[in-house]
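2 protein chains.
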Amino acid sequence: MQKYDTIIVGLGPSGLSAAIYTARAKLQTLVLGKKEESQLWLAHAIENYFGVESMQGKDMLELGIKQAERFKAKIKETEVINLKQKDNQFIIKTVDGEEFTGKTIILATGMPIKSSGIKNEDKFAGRGVHYCVVCDGFFYKDKKVAVIGNSNYAAEQALELLTFTKDVTIISNGKEFKFDQKYKDALDKNKIKLMPDKIISFEGDKKMQNLKTKTAELNFDGVYMAIGSAGAADFARKFGIDTKGNIIVADREGKTNVPGIYAAGTCTGTVSQVASTVGDGCIAGMSVIKKLKEKELYVDYG
Amino acid sequence: MQKYDTIIVGLGPSGLSAAIYTARAKLQTLVLGKKEESQLWLAHAIENYFGVESMQGKDMLELGIKQAERFKAKIKETEVINLKQKDNQFIIKTVDGEEFTGKTIILATGMPIKSSGIKNEDKFAGRGVHYCVVCDGFFYKDKKVAVIGNSNYAAEQALELLTFTKDVTIISNGKEFKFDQKYKDALDKNKIKLMPDKIISFEGDKKMQNLKTKTAELNFDGVYMAIGSAGAADFARKFGIDTKGNIIVADREGKTNVPGIYAAGTCTGTVSQVASTVGDGCIAGMSVIKKLKEKELYVDYG
Numbered sequence: 001m002q003k004y005d006t007i008i009v010g011l012g013p014s015g016l017s018a019a020i021y022t023a024r025a026k027l028q029t030l031v032l033g034k035k036e037e038s039q040l041w042l043a044h045a046i047e048n049y050f051g052v053e054s055m056q057g058k059d060m061l062e063l064g065i066k067q068a069e070r071f072k073a074k075i076k077e078t079e080v081i082n083l084k085q086k087d088n089q090f091i092i093k094t095v096d097g098e099e100f101t102g103k104t105i106i107l108a109t110g111m112p113i114k115s116s117g118i119k120n121e122d123k124f125a126g127r128g129v130h131y132c133v134v135c136d137g138f139f140y141k142d143k144k145v146a147v148i149g150n151s152n153y154a155a156e157q158a159l160e161l162l163t164f165t166k167d168v169t170i171i172s173n174g175k176e177f178k179f180d181q182k183y184k185d186a187l188d189k190n191k192i193k194l195m196p197d198k199i200i201s202f203e204g205d206k207k208m209q210n211l212k213t214k215t216a217e218l219n220f221d222g223v224y225m226a227i228g229s230a231g232a233a234d235f236a237r238k239f240g241i242d243t244k245g246n247i248i249v250a251d252r253e254g255k256t257n258v259p260g261i262y263a264a265g266t267c268t269g270t271v272s273q274v275a276s277t278v279g280d281g282c283i284a285g286m287s288v289i290k291k292l293k294e295k296e297l298y299v300d301y302g
Numbered sequence: 001m002q003k004y005d006t007i008i009v010g011l012g013p014s015g016l017s018a019a020i021y022t023a024r025a026k027l028q029t030l031v032l033g034k035k036e037e038s039q040l041w042l043a044h045a046i047e048n049y050f051g052v053e054s055m056q057g058k059d060m061l062e063l064g065i066k067q068a069e070r071f072k073a074k075i076k077e078t079e080v081i082n083l084k085q086k087d088n089q090f091i092i093k094t095v096d097g098e099e100f101t102g103k104t105i106i107l108a109t110g111m112p113i114k115s116s117g118i119k120n121e122d123k124f125a126g127r128g129v130h131y132c133v134v135c136d137g138f139f140y141k142d143k144k145v146a147v148i149g150n151s152n153y154a155a156e157q158a159l160e161l162l163t164f165t166k167d168v169t170i171i172s173n174g175k176e177f178k179f180d181q182k183y184k185d186a187l188d189k190n191k192i193k194l195m196p197d198k199i200i201s202f203e204g205d206k207k208m209q210n211l212k213t214k215t216a217e218l219n220f221d222g223v224y225m226a227i228g229s230a231g232a233a234d235f236a237r238k239f240g241i242d243t244k245g246n247i248i249v250a251d252r253e254g255k256t257n258v259p260g261i262y263a264a265g266t267c268t269g270t271v272s273q274v275a276s277t278v279g280d281g282c283i284a285g286m287s288v289i290k291k292l293k294e295k296e297l298y299v300d301y302g
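Chains A and B are the protein sequences, given in the same order.
Quick note on our numbering: the first sequence kicks off at 1 and runs consecutively.
Quick note on our numbering: the second sequence kicks off at 1 and runs consecutively.
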């Protein structure tokens, strides 16, 4: 397993800004993410960023990657699928099955995942509607559970649930299933059921008991939300990081309430601007440097 | 008097970043300051700023000025000497005698003023050692007072004190006096005394009574600190803006506790990095836009 001082999750301006700082301070730095998932990737022309007259979003991201690599940051364009803690280290698993350990983590995963749009999700959160298999899977031993989502991340969650129960269904909620082949094979092998139905609401009394679709009412003991890629909020829920809705609570130094885990950029509620997210990344990077180098401050204007 | 939606004090990366935002949102924007006073001016090569491979500090500042001007921000390279509030508007006076009114102010004056190094300054703060003539001048009616400083800002403070007393001395504290001709003339005309002595400590019992120099102990009823150019902390003290030491307290939206006054960059304690101060400026600029346009949010990634 490859070991790093810091692993940055998110390949956007915030994560790359953090990487430029940590790598330049000679910390072993790994950045994991997909640049195409950064909002910046789609920006035609950035003209409101001090010091850059006009640049296309794509070009700016490519340049940022080049900058981080110049200082020896390792960039891997991949999807992070799991994050665990073990013996004071964090272990990150990617969709390719690779695992990396980091002394610190910077979450810079971008905009929080959009709401599922399913009625009563909030009402039953923690009472039949869950977000973290590791945290809550135990309560569903030998029960009938569903994972709601259509991606590799949903598949990973479903496979994780097998520790607790064999009766697992993935519901794509009206979307197309998009699994890599190895996930397809694993789901098939483990007899995980796939349903494309769109869910309208969660129903129940004190606890969620049924999923209502347009045509039916389906009974499940519990559901796990895994919509889209794994976002900051998903990791946050795994580690008990304070959140406000889907936004991670980080202080002005980018620290979350969990020692060793930092957060930066729009996943912390920072406005979606290159300037503000780059600023956030710089601050989180410097906090990691400060922590690992036990220095008071890393001042280097040049 | 020229009227603006927002007046930004400070011609560094933070102030210019704010200006790019407010001007681009079609707010009448004025930036006042001296680019040579920005820490960035002295930076040889900035290589840790996402999106810019390598650039000299000077060039980056010049480019930032060009960017702000392109969106019709007005830049005036001058020194701000006073800031007042009148009828819900702010009035800013420059060293050239010009006055400008602004609906909002963004303080981006850079690093807080260094400590005077004079012993007991903190001990007697508010009790013989003061920072704001407008606030505390009244208590020194017909008393013997000193202004400590060597610049136009110190001269302006001394001239303001004439409203209350004729016995005013400016002590340069070991530095060379640097006044523009018009201040020299005004000081001369009003018989303001000049002393170059270096002060070692303030002495007194419950209140400051004497200034101790290497060779003498001089009696003064009160002193006003006006070291360097007028900084954010000086303006802060005039308006009752919350400070921690010499640092302005601003929330995550750049708001101070005084409605209409915002702050950004190193004067708020943000680390001295282009990335972090540019981020701050963006956020303060967007807060001003939000306030003046009464919009929920100004989202424009491009």
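Just so you know, the hints here were simulated from the structure itself, not pulled from any lab data.
Just to be clear, a hint being listed does not mean it is correct.
What the hints assert, rightly or not - Derived pair list, reagent style DSS-like, types lysine-lysine, alpha-carbon separation capped at 30 Å:
hint	chain 1	residue 1	chain 2	residue 2
1	B	K293	A	K244
2	B	K103	B	K143
3	A	K244	B	K290
4	B	K58	A	K72
5	A	K255	B	K244
As the list claims (entries may be wrong) - Label pairs and their in silico Cβ distance ranges:
hint	chain 1	residue 1	chain 2	residue 2	range
6	A	F139	B	A45	42 to 48 Å
7	B	I200	A	D87	54 to 60 Å
8	B	G174	A	D59	50 to 56 Å
9	A	K3	B	I200	52 to 58 Å
10	B	R70	A	D87	33 to 39 Å
11	A	L162	B	A45	40 to 46 Å
12	A	K66	B	K290	30 to 36 Å
13	B	R70	A	F138	30 to 36 Å
14	B	K58	A	K3	37 to 43 Å
15	B	M1	A	D59	50 to 56 Å
16	B	K244	A	Q85	31 to 37 Å
17	A	Q56	B	K84	54 to 60 Å
18	A	D205	B	K26	53 to 59 Å
19	A	Q56	B	K290	52 to 58 Å
Ideal Cβ placement from N, Cα and C applies to all residues, glycine included.
Supplied distance hint 31 to 37 Å, evaluated on CB atoms of K244 (chain B) and Q85 (chain A): holds (35 Å)
D87 (chain A) and I200 (chain B) - C-beta distance against the hinted 54 to 60 Å: holds (55 Å)
Pair hint K293 (chain B) and K244 (chain A), alpha-carbon separation not exceeding 30 Å: The given pair, whose Cα atoms are some 27 Å apart, holds under the 30 Å limit.
Distance restraint hint 33 to 39 Å, applied to the beta-carbon atoms of R70 (chain B) and D87 (chain A): violated (54 Å)
Pair hint K255 (chain A) and K244 (chain B), alpha-carbon separation not exceeding 30 Å: Holds. K255 (chain A) to K244 (chain B) sits at ~21 Å (cutoff 30 Å).
Proposed proximity, K143 (chain B) with K103 (chain B) (alpha carbon, max 30 Å): Given pair K103 (chain B), K143 (chain B) is violated - Cα atoms ~36 Å apart, limit 30 Å.
Consistency of beta-carbon spacing, I200 (chain B) to K3 (chain A), with hint 52 to 58 Å: Holds: the Cβ-Cβ distance is about 54 Å, inside 52 to 58 Å.
Distance restraint evaluation - K58 (chain B), K3 (chain A), Cβ atoms, bounds 37 to 43 Å: holds (41 Å)
30 Å Cα cutoff - pair K58 (chain B), K72 (chain A): holds (27 Å)
Cβ distance range 42 to 48 Å for F139 (chain A) and A45 (chain B), holds or violated: violated (57 Å)
K84 (chain B) and Q56 (chain A) - C-beta distance against the hinted 54 to 60 Å: violated (45 Å)
Status of the given 50 to 56 Å range, CB of D59 (chain A) versus CB of G174 (chain B): For G174 (chain B) and D59 (chain A) the Cβ distance comes to about 52 Å; the hint holds.
In this structure, the earlier hints numbered 2, 6, 10, 11, 13, 15, 17, 19 are contradicted, and the remaining ones agree with it.
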